[in-house]
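Peer 1: The lines below spell out each chain.
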Amino acid sequence: MDYPFDAIVVGAGGAGLWAALELAREGVNTAVLTKLYPTRSHTGTAQGGVCAALGNLEEDHWEWHMFDTVKGGDYLVDQDAAEVLAREAIETVIELEHMGLPFNRTPDGKIDQRRFGGHTSNYGEAPVRRACFAADRTGHMILQTLYQQCIKHGVKFFDEYQVVDLLFEGGEPAQGGRAAGVVAYRVADGQLHTFRAKAVLLATGGFGRMFRITSNAHSLTGDGVALCYRHGIPIQDMEFFQFHPTGIVGIGILLSEAARGEGGTLLNDKGERFMSNYAPKLMELAPRDMVSRAMYQEIRAGRGIGGKDYLYLDVRHLGRKVIEEKLPDITDFARIYQGVEPLKEPVPVQPTAHYAMGGIPTNVFSEVVRDDKGTVVPGLFAAGECACVSVHGANRLGTNSLVDLLVFGRRAGRQMARHAGSVERPRPIADAVEPVRAELEAIRGRQAGGESVAVIRKELQDVMMDNVGVYRDGKLLTGALAKVRELKDRNGAVSIGDCGAVFNTDLLEANELGYLLDLAEVMVASALARTESRGAHSREDFPERNDAGWLKHTLAYKGPKGPTLKYKPVSITRFEPKPRTY
Amino acid sequence: MNVDLRILRYNPECDPAPHWESYQVAVDPMDRVLDLLIKVKAERDGSLSFRRSCGHGICGSDAMLINSRNRLACRIRVDQLGKKISVAPLPGLPVVKDLVVEMSGFFGKYRSVKPYLINDQPEPERERLQSAADRARYDDTTKCILCAACTTSCPSFWARSDYVGPAAIVQAHRFIFDSRDEGAAERLEILSDEDGVWRCRTIFNCVDACPRGINITRAILEVSSAIVGRRG
Amino acid sequence: MALYSRSGRPRPQSGGFELAAWYFMRLSGVALFALALVHFSLQHFVFDPSQQTSTWIFNQRWNSLFWRGFDWLLLMMVVLHGFLGLRTVTMDYLKGGRRTLALATLYLVGAVIFVMGTIVVMSVPLPLGK
Amino acid sequence: MLLRYRGSEGMVAWAFHRISGIAIWLFVLLHVLDIYLAGGNPNVYDDILKFYASTPGRIMEVLLGAALLYHALNGIRIMLMDLWPSLTAYHKQMWYANWAIFVGLGLPGAFIIMRPALGL
Ligand SMILES: Cc1cc2nc3c(=O)[nH]c(=O)nc-3n(C[C@H](O)[C@H](O)[C@H](O)COP(=O)(O)OP(=O)(O)OC[C@H]3O[C@@H](n4cnc5c(N)ncnc54)[C@H](O)[C@@H]3O)c2cc1C
Ligand code: HEM
Ligand code: SF4
Ligand code: F3S
Ligand code: FES
Chain A
474 MDYPFDAIVV GAGGAGLWAA LELAREGVNT AVLTKLYPTR SHTGTAQGGV
524 CAALGNLEED HWEWHMFDTV KGGDYLVDQD AAEVLAREAI ETVIELEHMG
574 LPFNRTPDGK IDQRRFGGHT SNYGEAPVRR ACFAADRTGH MILQTLYQQC
624 IKHGVKFFDE YQVVDLLFEG GEPAQGGRAA GVVAYRVADG QLHTFRAKAV
674 LLATGGFGRM FRITSNAHSL TGDGVALCYR HGIPIQDMEF FQFHPTGIVG
724 IGILLSEAAR GEGGTLLNDK GERFMSNYAP KLMELAPRDM VSRAMYQEIR
774 AGRGIGGKDY LYLDVRHLGR KVIEEKLPDI TDFARIYQGV EPLKEPVPVQ
824 PTAHYAMGGI PTNVFSEVVR DDKGTVVPGL FAAGECACVS VHGANRLGTN
874 SLVDLLVFGR RAGRQMARHA GSVERPRPIA DAVEPVRAEL EAIRGRQAGG
924 ESVAVIRKEL QDVMMDNVGV YRDGKLLTGA LAKVRELKDR NGAVSIGDCG
974 AVFNTDLLEA NELGYLLDLA EVMVASALAR TESRGAHSRE DFPERNDAGW
1024 LKHTLAYKGP KGPTLKYKPV SITRFEPKPR TY
Chain B
-9 MNVDLRILRY NPECDPAPHW ESYQVAVDPM DRVLDLLIKV KAERDGSLSF
41 RRSCGHGICG SDAMLINSRN RLACRIRVDQ LGKKISVAPL PGLPVVKDLV
91 VEMSGFFGKY RSVKPYLIND QPEPERERLQ SAADRARYDD TTKCILCAAC
141 TTSCPSFWAR SDYVGPAAIV QAHRFIFDSR DEGAAERLEI LSDEDGVWRC
191 RTIFNCVDAC PRGINITRAI LEVSSAIVGR RG
Chain C
17 MALYSRSGRP RPQSGGFELA AWYFMRLSGV ALFALALVHF SLQHFVFDPS
67 QQTSTWIFNQ RWNSLFWRGF DWLLLMMVVL HGFLGLRTVT MDYLKGGRRT
117 LALATLYLVG AVIFVMGTIV VMSVPLPLGK
Chain D
224 MLLRYRGSEG MVAWAFHRIS GIAIWLFVLL HVLDIYLAGG NPNVYDDILK
274 FYASTPGRIM EVLLGAALLY HALNGIRIML MDLWPSLTAY HKQMWYANWA
324 IFVGLGLPGA FIIMRPALGL
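Protein sequences, first through last, are from chains A, B, C and D.
The first sequence runs contiguously to residue 1055 in the numbering used here.
The second sequence runs contiguously to residue 222 in the numbering used here.
The third sequence runs contiguously to residue 146 in the numbering used here.
The fourth sequence runs contiguously to residue 343 in the numbering used here.
Honestly, the hints are just simulated from the structure, not real lab data.
Heads up, some of the hints might be wrong.
What the hints assert, rightly or not - Short, incomplete list of chain D residues facing chain B, as computed with Cβ under 10 Å:
1. R229
2. E232
3. A238
4. H240
5. D305
6. P308
7. A312
Only a predicted model underlies this, so the values are computations on that prediction, with no experimental measurement involved.
Yeah, the Cβ is synthetic: ideal placement off N, Cα and C, and Gly gets one too.
Just chain A, same shape as in the assembly:
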């Protein structure tokens, strides 16, 4: 079928939903496509909070928030975007409250705020209470609240429609083509449909599933990012992937930074708060890249618990009341997935693959740009984790992702409404579904007994975890690149066990594996090229930050033999790069 709309939103996480809400308010005829039911989106798992300089408990200013964001991102942040982020954080959080989000409250009835890693007062002096929260299910409440508002405003949802291709009119983006819609696979019956629109937003979230140990959902496979890449749009800053310090050992389920924000501590085998050696001022509340590295150092020095590869997160001293009122979910996770009682024992933790700083390059209006000069792809937008504005630079601060969704999701919606009002709807494209139909049929039609999706995925996750993790070096990365390419080749012969049409998740997983492999290749190539250490990208063979050579964003274009890398400058408006200590 061919569905004509004015605007299409792909993805119903925080970013997609807010954009859809803005579009609905403006009366734009909009469809939201999502491969999951909207309430299953990964935004719902965010726990800790969303930062905004409300100053409800102590003095705070958006300039401080902006500074922390820039410094936290190791100065790779585009400062014009960071300013937008820090300023609009305040109004979007207030707007969320007006939409009904049940924030925790201070004694005088205002939105309660807690401390979070890297968020400080007076340009780095001391931790500040900036993260607004709803117990430890802030993301859940954001997702629910936005979905509720979308229902209220009559947004049209296409649930369990997996977008498998992007459509352009007037040539591919590189030739100046404009976005014309998407092709979606209806999971329930395997039909391919085209959705035409004047404005298309990609809000498909991250791709942490390329790592073995990750906090990310099974569904986070970078679909939107990979589709852009395949259509010749460059992918920005892929070498920067955040490892969160406190994942559950072995499986990576996240224990939020909120535990440390409320006063939880990290201990090594000797029972020492080792962070005092790495970040004496902020201790456990230093940015995540630093804490994760500190943990690796401790483990390498043999001070992991029992000499093994994990450490302890200790919340016992917080007392039952704080733990049960402010951290109920994460205590529950420790109990269920680890069999540990946080009220009585310290919880074993290890870094877990968590967040993609890189993604589809956009400007501050959430428009996708396709080169170092900021040329816009007309009608194509991106927001949320799949986008890279870049407000997170080389390392994202805790809570800033949710802020990013709100601020740039809202901006995307508004800009899309403006755009949709100014252009004609694209015309139907003949045979639009054919390329992707052929691709899917090839997988479906292959003889059983070929390569297995699960095996290739497993090998990919292993090599990414072991070679492209918290610490990297030239040798590891070169090995990883060869391995990923081998896997890409083998993926060409992948076969599946389900050849039906109804709810064929086998086929979809094979499709998603293709996205992951593309993005892994880009990540490794970008990391191999960047011969410095900055934020989450730590090269042991190049341990220093090199502003002279590398204060620039990577742009990876799809080339005939893998990614071609180009670079673009960082926007610096207020804060000159300085050494990063906490």
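The hints should help you fit chains B, C and D with the ligands onto chain A, whose structure is shown.
Peer 2: Quick look at chains B, C and D with the ligands alone, frame taken from chain A:
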């Protein structure tokens, strides 16, 4: 350790009716049922279909009937179940394929209770104030992840699929008792119809099934009390 | 009022009947708690079934307006409470034509029982003073 | 479905409540009929009475009493929760308390009813 995993399989394209298949799976006691399903799909039969996303009990994708009770597959461990594990789709909803059920009716009921803040007063410049006690009043019901475990465990719902069901009432409760909301009257009106709260027979299956530990029956009875209090 | 609510679920007209029924089940429950349990105790613990011949019933047991009133009240409550309860059960398990049929039968039986019981309680002459 | 789902106390409590309610209702039908006969045709009634007084009849009455007692107690449990929804947290305890009362009152009651049949 090995477990005997039985799965109620159904492929509408070739099976006339659902049937049980048995799989011997090597597991770790800390594995969750979702891990077993992923393993069976990877190693035995790629055509096994089930929904999953977050993998840790927050997204609500993988509610299913596990050892005769509704559970999230990603939240229940092998050591909590024993060596014989049976997995079937949620009861009372049409089966699409294997463990996947048709959810549109469930979400339709959710939408029918006006699950959004209703307040037409002009918005203040800053946040609306709400005391911690007023906030606590509806805390429990804000936890719902719409997994449908409760509604599909309810004998009243099995008997009458028109029953709006515990999940929708939980969602309504979350707003009815929010001091900022002004739509309580409309929602109580909706919930007092024939398929509303009166269909609840205080059976508590919903409470046992809820992965978020919500005291659903209490919420339902608070809503019915509110209706009685308003009319009676 | 719209027959369909904002989206999806059809909205049966309620007219407050369900609320009233729910409420009445509770009120009559409380009443029955006293009436039915006293009645049962009287018949089984104070007296024994073997002595309850028809003569005994008319001459002893119903030889007072109070007990006749009591038993009639019980009858009324039982019929209403039991009838409403069975209505719920019927509506739960039957659909369409069979539901209508079952409910009609139920109403009819309820009415017959009520009338029959009332006739007995009212029509048998009070053998006052005998 | 009811048999496929493993409910806990609450579901059993409800199933018993429903079954007992229907059982009592059926007995009431019978009882009204026989009482009607007592007015209309005393002789037939007295014959029926013989059944009530016999051993099988008494067993039936014990069952009836049990159904009535259970239904009454559980009805109170439900109504208490209706009045104070916070009591739902203790619904299982309340159910067990019901059984304690049930046994406490029911056993002596059953004994009294059965005594003539047992020849005591
Ligand atoms: C465990 C955890 C805790 C976190 N805690 C915090 C926190 O405390 N604070 C903070 O700021 N950030 C936190 N984050 C990060 C933050 O939650 C995410 O970055 C953010 O939610 C991403 O939102 P999104 O809208 O971009 O995408 P998502 O919420 O991931 O949604 C993606 C959407 O895209 C859809 N989709 C994907 N592919 C397709 C396709 N091909 N076709 C159709 N639809 C598709 C999906 O169905 C889904 O609806 C956390 C992340 C994790 C994993
Ligand atoms: C003795 C005191 C009694 C009390 C306290 C009582 C109480 C109740 C209550 C509160 C309900 C509603 C249950 C619910 O909504 O879930 C109910 C239902 C019911 N009652 Fe009674 N009742 C009593 C006696 C009787 C008698 C004598 C009969 C038989 C005529 C009876 C038949 C029923 C039936 C059939 C139901 C419906 C059951 C269901 O819907 O599952 N009850 N009772
Ligand atoms: S109330 Fe509990 S069981 Fe029901 S849908 Fe919500 S989370 Fe699931
Ligand atoms: S199981 Fe059903 S009957 Fe009520 S208490 Fe729960 S909704
Ligand atoms: S996979 Fe998300 S709840 Fe189980």
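Peer 1: If a hint holds in the structure, say so; if it does not, say that too.
Peer 2: For each hint, the structure was consulted:
no., hint, verdict
1, R229, "4 Å, holds"
2, E232, "7 Å, holds"
3, A238, "8 Å, holds"
4, H240, "8 Å, holds"
5, D305, "6 Å, holds"
6, P308, "4 Å, holds"
7, A312, "6 Å, holds"
Of the numbered hints stated above, none is contradicted by the structure.
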